[in-house]
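2 protein chains.
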Amino acid sequence: MKPSIEQMHAFFSPRSVAVVGASKKINKAGHVIFKNFVENKRRGVFKGEIYPVNPHEDSILGFKCYSSLSKIPGELDLVVVVVPANHVVNVMRDAASKKVKTVVIISSGFSEIGNHELENQIVTVAKKAGIRVLGPNCLGVYDSRAGVDMLFLPETRVLTTGDVVIATPRPMPGNVAIVTQSGAFGVAALDYLAGRQIGVSKFVSFGNKCDVTEAEMLHYLLYDEETKVILLYVEDIKSGREFLEVAEKVTKEKPVVALKCGRTEAGARAAASHTGAMAGSDRIYDAAFAQTGIFRAKDMEEFFDVGKALAMQPPAAGENVGIITDAGGPGIMAVDECELRGLNVRRFSDETVQKFEELKKEGKLPKFATNLNPVDVTGSATSKMFELATEILFEDPEIHGVIVLGLHHTPALQEDFIDRVAKVASKHDKPIVACDIGETEMALHTRFRFDKLGIPAYSSPEDSARAMNALVRYGLYLKKNKWLKEYVERFLKDKRKTTTYSSNILTST
Amino acid sequence: MKPSIEQMHAFFSPRSVAVVGASKKINKAGHVIFKNFVENKRRGVFKGEIYPVNPHEDSILGFKCYSSLSKIPGELDLVVVVVPANHVVNVMRDAASKKVKTVVIISSGFSEIGNHELENQIVTVAKKAGIRVLGPNCLGVYDSRAGVDMLFLPETRVLTTGDVVIATPRPMPGNVAIVTQSGAFGVAALDYLAGRQIGVSKFVSFGNKCDVTEAEMLHYLLYDEETKVILLYVEDIKSGREFLEVAEKVTKEKPVVALKCGRTEAGARAAASHTGAMAGSDRIYDAAFAQTGIFRAKDMEEFFDVGKALAMQPPAAGENVGIITDAGGPGIMAVDECELRGLNVRRFSDETVQKFEELKKEGKLPKFATNLNPVDVTGSATSKMFELATEILFEDPEIHGVIVLGLHHTPALQEDFIDRVAKVASKHDKPIVACDIGETEMALHTRFRFDKLGIPAYSSPEDSARAMNALVRYGLYLKKNKWLKEYVERFLKDKRKTTTYSSNILTST
Chain A
1 MKPSIEQMHA
11 FFSPRSVAVV
21 GASKKINKAG
31 HVIFKNFVEN
41 KRRGVFKGEI
51 YPVNPHEDSI
61 LGFKCYSSLS
71 KIPGELDLVV
81 VVVPANHVVN
91 VMRDAASKKV
101 KTVVIISSGF
111 SEIGNHELEN
121 QIVTVAKKAG
131 IRVLGPNCLG
141 VYDSRAGVDM
151 LFLPETRVLT
161 TGDVVIATPR
171 PMPGNVAIVT
181 QSGAFGVAAL
191 DYLAGRQIGV
201 SKFVSFGNKC
211 DVTEAEMLHY
221 LLYDEETKVI
231 LLYVEDIKSG
241 REFLEVAEKV
251 TKEKPVVALK
261 CGRTEAGARA
271 AASHTGAMAG
281 SDRIYDAAFA
291 QTGIFRAKDM
301 EEFFDVGKAL
311 AMQPPAAGEN
321 VGIITDAGGP
331 GIMAVDECEL
341 RGLNVRRFSD
351 ETVQKFEELK
361 KEGKLPKFAT
371 NLNPVDVTGS
381 ATSKMFELAT
391 EILFEDPEIH
401 GVIVLGLHHT
411 PALQEDFIDR
421 VAKVASKHDK
431 PIVACDIGET
441 EMALHTRFRF
451 DKLGIPAYSS
461 PEDSARAMNA
471 LVRYGLYLKK
481 NKWLKEYVER
491 FLKDKRKTTT
501 YSSNILTST
Chain B
1 MKPSIEQMHA
11 FFSPRSVAVV
21 GASKKINKAG
31 HVIFKNFVEN
41 KRRGVFKGEI
51 YPVNPHEDSI
61 LGFKCYSSLS
71 KIPGELDLVV
81 VVVPANHVVN
91 VMRDAASKKV
101 KTVVIISSGF
111 SEIGNHELEN
121 QIVTVAKKAG
131 IRVLGPNCLG
141 VYDSRAGVDM
151 LFLPETRVLT
161 TGDVVIATPR
171 PMPGNVAIVT
181 QSGAFGVAAL
191 DYLAGRQIGV
201 SKFVSFGNKC
211 DVTEAEMLHY
221 LLYDEETKVI
231 LLYVEDIKSG
241 REFLEVAEKV
251 TKEKPVVALK
261 CGRTEAGARA
271 AASHTGAMAG
281 SDRIYDAAFA
291 QTGIFRAKDM
301 EEFFDVGKAL
311 AMQPPAAGEN
321 VGIITDAGGP
331 GIMAVDECEL
341 RGLNVRRFSD
351 ETVQKFEELK
361 KEGKLPKFAT
371 NLNPVDVTGS
381 ATSKMFELAT
391 EILFEDPEIH
401 GVIVLGLHHT
411 PALQEDFIDR
421 VAKVASKHDK
431 PIVACDIGET
441 EMALHTRFRF
451 DKLGIPAYSS
461 PEDSARAMNA
471 LVRYGLYLKK
481 NKWLKEYVER
491 FLKDKRKTTT
501 YSSNILTST
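Same order as they appear, the protein sequences are chains A and B.
Using my numbering, the first residue of the first sequence is number 1, and each one after it goes up by one.
Using my numbering, the first residue of the second sequence is number 1, and each one after it goes up by one.
By construction, these hints were calculated from the structure, which means they are not laboratory data.
Any given hint might turn out to be false.
Just so you know, same-sequence chains aren't split out, so a pair can sit in one copy or run between any two.
Derived DSS-like pairs: lysine-lysine, alpha-carbon spacing no greater than 30 angstroms straight-line [to be verified]: (1) Lys-25 with Lys-364; (2) Lys-360 with Lys-25; (3) Lys-24 with Lys-127; (4) Lys-497 with Lys-367; (5) Lys-384 with Lys-24; (6) Lys-427 with Lys-28; (7) Lys-367 with Lys-98; (8) Lys-98 with Lys-480.
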């Protein structure tokens with residue numbers, strides 16, 4: 001590990017951590033953050049040493065309390081700071097004396113409210129001492145595997161009915177990293193991903209980013225084995241040249257999806273008032289993302305949907321999409337969205353059409369199935385028919401990606417069509433995405449089952465088309481640079497190691 | 001009621017209905033449809049007479065079975081046909097002799113597979129006898145209040161785990177009508193609306209529309225008291241001139257949202273192969289919808305989101321949107337989407353800024369709240385602060401609509417902010433929409449509570465901006481024609497009658 005990477009690693013897996021501002025008062029951020037470390041240590045997840053720092057307490061949650069950092073025995077990898085802004089410089093000086101590696105400043109009251117001078121003082125101390133700083137004005141780090149959890153927002157709430165409900169959930173461990181400038185958006189993202197059962201590798205909220213930049217964070221995540229996809233939310237990007245260099249290096253191996261808001265003039269004005277940063281022309285961002293192979297999401301939903309697609313599926317080697325559907329209307333919606341995004345939904349080759357005609361003759365596909373593109377297997381389609389149609393499209397060398405619209409409402413379609421389609425897909429190196437429409441039990445079950453088998457599933461035809469579009473765009477970027485083959489090989493090797501393909505779930509069908 | 005309307009009414013509230021092809025075999029559509037009538041009659045919801053028609057049975061589900069329509073005593077308002085295509089012409093002839101008012105042909109095997117001749121024969125019999133026909137190749141009608149339910153798709157499914165899950169749910173009664181050419185999309189729409197708890201007044205799937213057109217259906221729904229908004233899914237529109245005339249008449253009083261797919265060349269080709277209809281140039285549809293005040297949704301999600309907004313909120317009298325947020329980033333996303341759709345998110349007037357400054361001085365808003373547009377009440381906002389900020393925006397005569405982004409994750413915000421915001425909104429005649437991000441308990445609770453109080457809530461900032469955009473577009477259309485004032489007055493009168501505003505839910509806060 002390079003020295004800089006190793007130092008960054010202290011943010012996520014510190015061998016020792018001090019919480020300055022740790023508190024006994026349960027509503028305080030300093031209580032929640034320290035308690036999270038304590039609980040994760042007791043559960044055996046967090047393996048480092050933990051020290052509360054608070055001059056007014058002897059002990060907190062059974063841990064001896066220290067009046068300052070200097071009183072702590074042994075080395076400190078990480079200091080989390082939760083004291084008011086005007087005390088932070090002193091804490092930084094203590095941290096410098098103590099030679100700590102990294103500091104996360106949760107506290108706000110710095111450049112985001114015009115207090116640039118105070119932030120500069122922090123940076124000066126940090127630079128001189130070689131300390132890396134995350135924040136200030138941030139939510140810090142969440143890494144479920146390492147047991148690092150600085151989220152201080154209330155995990156549950158009590159409703160007026162007396163019911164206790166989850167308010168700030170922790171998503172399950174997974175391979176999507178979240179890097180966000182906005183803490184509020186970050187925590188909303190965790191809530192979204194938890195509900196959609198998309199697993200997260202690491203979460204970093206860097207707020208005012210007085211020291212560690214998004215480029216450095218991307219660079220760190222390039223070497224993080226658990227992270228396969230990086231979701232980056234930014235309102236501005238500092239040190240653009242460094243960002244371009246790093247981004248290009250990262251996207252060669254790991255897809256990066258960006259949500260950069262402030263696209264319009266009014267949006268940029270709002271962004272400036274939010275973070276104090278001048279965002280610059282939006283076109284420059286468009287160009288920078290395109291040049292470095294970062295997929296820029298058009299809105300929040302696309303941001304998450306695309307992240308899921310890139311985490312689960314290999315990129316496509318071209319723009320030709322084949323669509324299979326049991327519902328005519330939704331099939332057309334998928335075609336429209338594909339074409340509007342610049343993908344091709346062309347008529348199939350004669351050879352492929354011939355294969356469909358033969359299946360129809362043999363009674364293996366409904367007589368009135370159409371074999372243009374989309375393949376409409378009709379409302380009388382069975383699971384086996386979906387399997388056969390999927391196989392034909394995967395075998396067509398002119399098709400680069402497949403969208404399966406399997407609306408569960410049709411009477412003949414059985415639950416096992418999902419496993420059958422997934423089994424076919426697992427034998428090929430082309431991407432596939434799925435869609436089922438509906439928000440009640442069977443639709444949720446269908447989508448989760450697809451997800452579980454590594455096929456990202458979406459709730460509208462257009463969402464599935466957008467997901468496929470991202471797989472194509474990333475694939476074409478890699479292909480242009482002659483990196484595609486290597487990426488896909490590595491991706492599939494990884495995937496076969498970590499998913500349930502060819503497990504008994506599939507072989508039983 | 002006009003004669004034509006009265007005849008159409010027989011589709012939805014027949015005093016007597018025969019099901020031709022009623023069956024004892026539980027997997028047959030003819031069983032499910034007849035059983036639905038039987039169950040609704042036993043529950044006292046369907047109040048008409050019901051007759052199974054099947055020459056091979058003496059009785060079905062306890063009802064005397066008839067060998068043909070002619071054997072049924074008394075008049076018949078409606079006949080539902082579920083026999084194979086080649087028997088349908090004979091059934092139509094019997095229906096003509098019997099002088100039935102309306103026929104729904106569920107059976108497929110007509111023009112959608114090139115069998116135009118058979119379809120023409122049906123139309124000839126119908127025209128001569130003055131029978132109105134819905135279908136063929138359709139799912140027919142669902143009207144929960146009248147107990148008419150022709151949905152024959154399996155309501156539940158048994159998973160391999162043994163669990164029984166809802167597969168084709170019936171949404172709750174409400175004021176959104178669904179008129180759809182695609183049955184598959186229709187049933188998917190019901191699944192979506194049921195899950196999102198959006199209530200439905202009437203559902204009509206008209207398939208090949210050999211007789212009753214979408215224009216006639218819109219015209220009927222104009223006089224349907226339960227319907228406040230019409231969601232229209234079409235792949236083509238027949239008799240364009242009639243459609244334009246009727247649409248203009250309808251949208252004066254009830255908003256119509258259209259999802260017309262086949263927007264691209266490849267999509268139009270797919271549509272042609274699906275229904276056999278030539279869709280014509282997409283620009284003509286754009287122009288027709290714009291001319292008649294129909295809001296054309298860009299995708300499935302917008303279709304439903306906009307329907308919900310128009311059902312719950314009055315249209316806006318102008319393009320200026322005010323945004324309140326407790327989360328900077330999501331606020332910027334909402335601004336971007338508003339501006340990209342042509343709405344204005346301008347700086348507030350001096351007077352409005354002054355009001356915010358005073359609240360800040362008095363400590364009633366956080367010191368670092370920004371009062372540009374968006375108003376960022378910051379992560380330390382309380383329920384009262386949301387209430388005050390909402391009131392200020394509603395009072396500003398330059399603001400035509402309000403978007404409230406109330407992310408529930410912030411520690412100080414209590415559940416009652418929703419009721420407080422709703423109470424403020426109920427005193428004004430401007431539209432308001434809400435957003436909370438997240439997919440776990442508290443986010444779902446927050447959005448449902450907003451919905452319950454008549455404020456449509458969305459799961460992303462962009463979705464809420466799109467919903468507001470539709471309220472603005474419809475408002476500007478009505479305003480241009482000088483119909484806005486009357487519409488808003490009627491809308492608010494209706495709304496005050498039917499929602500829980502100023503009930504004890506609100507006065508208790």
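Verification of the supplied hints:
1. Taking the closest pair of Cα atoms, Lys-25 and Lys-364 come within 30 angstroms of each other only across two copies (25 angstroms); inside a single copy the shortest separation is 68 angstroms, beyond that limit.
2. Proximity of Lys-360 to Lys-25 under the C-alpha cut-off of 30 angstroms is restricted to the inter-copy arrangement: shortest distance 27 angstroms between copies versus 71 angstroms within a copy.
3. Within a single copy, Lys-24 and Lys-127 get their C-alpha atoms no closer than 33 angstroms, and across copies no closer than 82 angstroms, so neither meets the 30 angstroms cut-off.
4. Within a single copy, Lys-497 and Lys-367 get their C-alpha atoms no closer than 40 angstroms, and across copies no closer than 53 angstroms, so neither meets the 30 angstroms cut-off.
5. Taking the closest pair of Cα atoms, Lys-384 and Lys-24 come within 30 angstroms of each other only across two copies (28 angstroms); inside a single copy the shortest separation is 61 angstroms, beyond that limit.
6. For the homomeric pair Lys-427 and Lys-28, neither the shortest alpha-carbon distance inside one copy (52 angstroms) nor that between copies (37 angstroms) is at most 30 angstroms.
7. Taking identical chains as interchangeable, the C-alpha atoms of Lys-367 and Lys-98 are never at most 30 angstroms apart, the minima being 78 angstroms within one chain and 35 angstroms between chains.
8. In this assembly of identical chains, the alpha carbons of Lys-98 and Lys-480 never lie at most 30 angstroms apart, being 49 angstroms within a copy and 71 angstroms across copies at closest.
In this structure, the earlier hints numbered 3, 4, 6, 7 and 8 are contradicted, and the remaining ones agree with it.
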